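> Let chain H serve as the given structure and place chain Z on it in line with the hints.
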Amino acid sequence: MTSQKKNTFKVCIVGSGPAGFYTAQQLIKARQDVEVDIYERLPVPFGLVRFGVAPDHPEVKNVINTFTQTARQSRCSFYGNVDVGTDVSVEELRQAYHAVVLSYGAEGNRTMGVPGEDLAGVHAAKDFVGWYNGLPSCRQLRPDLSSETAVILGQGNVALDVARVLLSPLDILKMTDITQPALEALAESQVRRVLIVGRRGPVQVACTVKEVREMVNLPNARPEMVGADFEGVAEALKDLPRPRKRLTELMLKTALEVPGEKEQQRRSEASHAWGFRFFRSPVEILADPERSRTAGIRLAVNRLEGSGEGARAVLTGEVEDVTCGLVISSIGYKSLPIDPSLPFDSRKAIVLNNMGRVQRAAGLYCSGWLKTGPTGVIATTMNNSFDTARSLVEDMDLGTLDVSVVKPGSQSVAALLEKRGVKPVTFSDWEKIDRVELSRGEAVGKPREKLSVTDHNGHRQEMAL
Amino acid sequence: MAAAAVRSSMGLTLRLSRALPDCSNCPFHRSNGCVSGVSNLQRRGSFDSFRTINRHLQTSKETLTVPLLFVFKGLYHGEEGRSNAEDPDDVVNVVYVDRSGQRIPVKAKVGDNVMYLAQRHGIELEGSCEASLACSTCHVYVNSSHFDKLAEPDEREDDMLDMAPMLQENSRLGCQIILKPELEGIELTLPKVTRNFYVDGHVPKPH
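Residue numbers (my numbering), protein chains in the order written: chain H, -12 to 452; chain Z, 12 to 218.
Pulled out of the complex, with its shape left as it was, chain H reads as follows (with noise of 0.2 Å):
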């Protein structure tokens, strides 16, 4: 039996990803009177850890540990499968707990805006990432891996994660936690060349040099890129900071440098190819007309206007088609208001805050990129809700988060929920849902095998083992 604890600060978390639960972590350590309620939408926690991290890079989700750890505090608990903006409002959640705070990330994706964007053919990034990483809601995206050529829009670590997805070898795919039905998909792939196409040059590509490093040692896979795309580009490497520096001394030997004769063997033998093409931005994607699929995509020609970060691609008139059958646009993600009510910034797809509290609305917060925007690793967001956090401990010891007021947390939650007829996976739920996972990849020498859950009605189903 447990006692309405009179000085509890409560506080609820919308979205387990990173920023959800460092803040979590933080707000636990800071203070022995807080209780933290993690709602997320998914029966299942981590958010982008666990679908958007690509499945060969199983080190980045180390940090899961440390979220289970959080996860498993007395102070702090999780319900699953509950929507926010559909099951519970926020301001519902505003009535129950003494401070909410926003973390729910960027489910929707920055579209290209050109025609024949809709095509069968052409897919976002974020669909592209979520359905090889067994996102329900991209179960049956069915890529079309049927052409030779693939062109990838945008030039970040997220399109370098799909074309070594598309590119990599199966011997590797298959020992990571990629999916069986997306293994299943790519084996049977025609996809030899990945084009990764940018609006700017070399010197302001988004990704960073550990996946560039990765392309270039990808076994099988030959780099082919366009040497005039890199002139004048040396000259500009001492003025740039180390890590762009690093970056595009890599870049420019890939590009120029001739290699020696057991690389130059190895490149040969190759049947797989990937390049970075600059310059250039979609224009519209070609139709093959008798079947409406995608056929090509046809790109502007640019010049760059100045230099470094800021430089801006101008077009220059001329326009270039590429034959191909797949077309994956990865310029970015992109922040949704779940509630009519948030200050949203609609141009920059955040919430309006400063230090991570929500403008004009006592008692919000928000973490993550929901909170900046969504570019950043896992590093970013963790000092991004720490900072949050600290804004909130900041309230509670100051008193503007005035915790003589009674609130009911996660029981006034849970009437509402039921009501609804909304059941809430906890914690203990996923890790069972965890414990078949780890077994059912073991028996198949994966790290796991993801299940397929669904929400609402899906999710009993899984609740039966």
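Relax, there's no trap hidden among the hints.
Heads up, incomplete: computed chain H residues facing chain Z, CB under 10 Å, no partners named:
#1 Glu46
#2 Thr53
#3 Pro228
#4 Pro230
#5 Leu234
#6 Ala366
#7 Met369
#8 Asn370
Under 10 Å between C-beta atoms, here's a sample of chain H residues computed to sit facing chain Z:
#9 Pro5
#10 His44
#11 Lys197
#12 Arg200
#13 Arg231
#14 Val364
#15 Thr367
#16 Phe373
#17 Asp374
#18 Ser378
These aren't lab readings, by the way, just hints derived from the structure by calculation.
No experiment lies behind these values; they were computed from the predicted model shown.
Every residue gets a Cβ at the ideal spot worked out from N, C-alpha and C, and that includes glycine.
Below, chain Z without anything else, positioned relative to chain H:
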């Protein structure tokens, strides 16, 4: 008998070289009797945890040279951290400077991993990828007199350092620093917190 000795020496190696975190010193563990996911990982013995152990052994070149020495010493001292007897040759005094500038002296041992050592002493150094060179959350600055005593960073460490905010000439990843006698007196400074003051949510790009 021999097999058991090898298994137990493996265990000693992993604990003494800090390739696996020692949960008994985790702040969560101390305050709430946490049953940690990581110690669960060690117990499961699944394919995944075995590969994780192997990766940990591979992440630091220096850890590989520790085993023989510590199998021998381990016979005298038992599990690290439990014995009161201290071999003075083993001790390495380090100083952490935390994010608020507070100096925290720590009496450590040869073979300690700087990142896990910090965590055991409640110093707020995260290690999200668990010492596998897949993140930059254990980023520290090393004082100039000791910086050159460290082995050159692996290309993979440099790749991850490139992602760290406020990178400096004396930046290293804490999980790649294994204490040796020559590092006596080393000072490890945690990068300061930058509050995000921009009203519109703008975050300045790290260099």
